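Assemble the complex: chain G is given as a structure, and chain E must be docked to it using the hints.
Protein chains in written order, with our numbering: chain G, 1 to 235; chain E, 1001 to 1330.
Accuracy of the hints is not assured; some may be wrong.
Said to hold, decoys possible - Mimicking SDA-like on lysine to any residue, the simulated pairs with C-alpha atoms at most 25 Å apart in a straight line are:
1) K1038/E with L50/G
2) K1038/E with P51/G
3) K1038/E with H83/G
4) K91/G with G1040/E
5) K1038/E with T56/G
6) K91/G with L1036/E
7) K91/G with R1320/E
8) K1038/E with K1283/E
9) K1038/E with R73/G
10) K1038/E with R196/G
11) K1283/E with R1320/E
12) K91/G with Q64/G
13) K1038/E with R81/G
14) K1038/E with T121/G
15) K91/G with R1118/E
16) K1038/E with C93/G
17) K1283/E with F151/G
18) K1038/E with Q64/G
19) K1038/E with S191/G
Stated by the list, open to error - FRET-style restraints, in silico, Cβ to Cβ:
20) L50/G with P1222/E: 51 to 57 Å
21) H177/G with D1064/E: 57 to 63 Å
22) G1010/E with H177/G: 33 to 39 Å
As the list claims (entries may be wrong) - Now the stretches of chain G that chain E is said to cover, found in silico as 3 or more residues with beta-carbon under 8 Å:
23) 46-53
24) 81-91
25) 106-120
26) 156-168
Source of the hints: derived by calculation from the structure; they are not laboratory data. Just so you know, these numbers come straight off a predicted model, no measurement behind them. Glycine is no exception: its CB is placed at the ideal position from the N, C-alpha and C atoms.
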Amino acid sequence: MTDKPLGLSRRNFLEAAAAGAVAMPLSRRVAAEPAPGSPAPDDASQPVRLPVLPSTIQLNVNGQVHDLSVEPRLTLLDALREHLALTGTKKGCDRGQCGACTVLVNGRRINSCLTLAVMHTQDQIVTIEGLAHADGSLHPIQAAFIRQDAFQCGFCTPGQICSAVALVEEHRRGPDHQRPMTDDEIRDRMSGNICRCGAYPHILAVVREAMGEGASAAVPGANAAGPGARAAAHG
Amino acid sequence: MDDFSYARAGDVDGALRLVEEPGAEFIAGGTNLLDLMKGGVTAPTRLIDITQLAGLAQIHELPDGGVRIGALASNSSVAENEWVRARYPLLAEALLAGASPQLRNMATVGGNLLQRTRCPYFYDVGFAHCNKRDPGSGCDALLGFNRNLAILGTSDQCIATNPSDMNVALAALDASVQLRSSRGSRQLPVRDFHRLPGDTPQRDTNLAPGEIITAVDLPPSPFARHSHYLKVRDRASYAFALVSVAAALRIDGGLVREVRVVLGGVAPKPWIVAEAQPLLQGKPLTAANLDAVADAAMQGARPQGDNFFKVALGKRAIVRALQVAAGQEA
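Chain G extracted, bound-state conformation (with noise of 0.2 Å):
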């Protein structure tokens, strides 16, 4: 068992310990409930909520590590945004139910607001802003969402990317690798990002790309995407 030292010196324990007692009047609360499954305890064993200092983590994010003072329920997408300035990942609904928020953990795509960041100081984190080549140039699913006009406003964007980009990534690890993803699937595997602009068959245009099969759009279902919905989508 390791019971995960924090990183505190004396000095930013001290200058923490002082913000808490300031700030433990609002914070220490009792527990509402006990665990599920769990009876009540009793009055004798009542957990109070007392301060929780920040620690010092490290994150691994686009390659580069950085330190960070957090505190424990700081989620990964608020690390991002509001420590790192990587404000190129979205907060949308922050309950894991639109994906805008979608980055890369250890190559897999998760949704960043249902996760501590203190959780992940030893993944590889990359995020919309790290996909880009060094030299500037696209990845290819980002060129690819310019081509195929995959977005409007552009709020999800980034997700939809960063989802995009691992689910080619799945299929071609996957035990189905050897043939292509139906539109329904890539459909259903796309589904944990919400467009609320409905560019969704242009991003279906972008991933049958992506996974070779851009210009076979004789693939059945495959209608939406051709010219002529975009020309649509322009008119």
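Just chain E, lined up with the frame of chain G:
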């Protein structure tokens, strides 16, 4: 979210010690717990991060030909696993029918077993009366918007459903939950793991205080060739089930030798249609025989105002799931 302290456990014994503190809870995938905390439904004072527990994310074969899935294995890694796909395609199907790819990458098998209901009256603390959230306060769902809620196994205190797809498949596959505590180890069949609400709807499962899920064991299955998970929902993907059916068959010479039918979306726990085995044993899957199972399954249904439709939908879903599992054109 309210403030909480955080500790990372390095092994199971350490995790069990850390969680003894009042107000402490485990966190793994976090997809349900953090959502509940953001909504103020639950408010632990301390979170014990168990994501680094050694070995608990692994999937391996058991000597008897079964498979053990570590509690920390992600839903997506289980769905992709070659043994699961070959021997328990029903489980892979159910997992892929749940949530979104992002959530499946985060959510663990242990967490999925403990997933809490999505009843809107439980989830939204703006509603004053929820016996599951606040025992004894009443149930706003009984006379409220209960279209999504349960029709089987309910009580007059709670009509919430278990939201999981995975649990339905695990119950059909006779899986068991491996548990550890400072008192030792035990296992519980998945079908006995979740509880009916009765007059204690606040307790979803038979997990004891201070206990941790370490794995789920799947016994060798005779159902790999003939199984199907059918999920009926309001949109094609990324929605909870209105009705779901895990159907598994062993067919020999055109006759049913063994069958499992388990329902999701209609009950507070995976709902086992025990009548299926005696009704179909040794018989062909004729329309009349399928209808008999469907009728028996819904015999005790107690629909509420908005969810009468689930009775008819459930019957049709049972028939269709069994037909697809058997390879019949539905």
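key: Those earlier numbered hints the structure runs against, lowest number first   = 7, 8, 17, 18, 21 and 24
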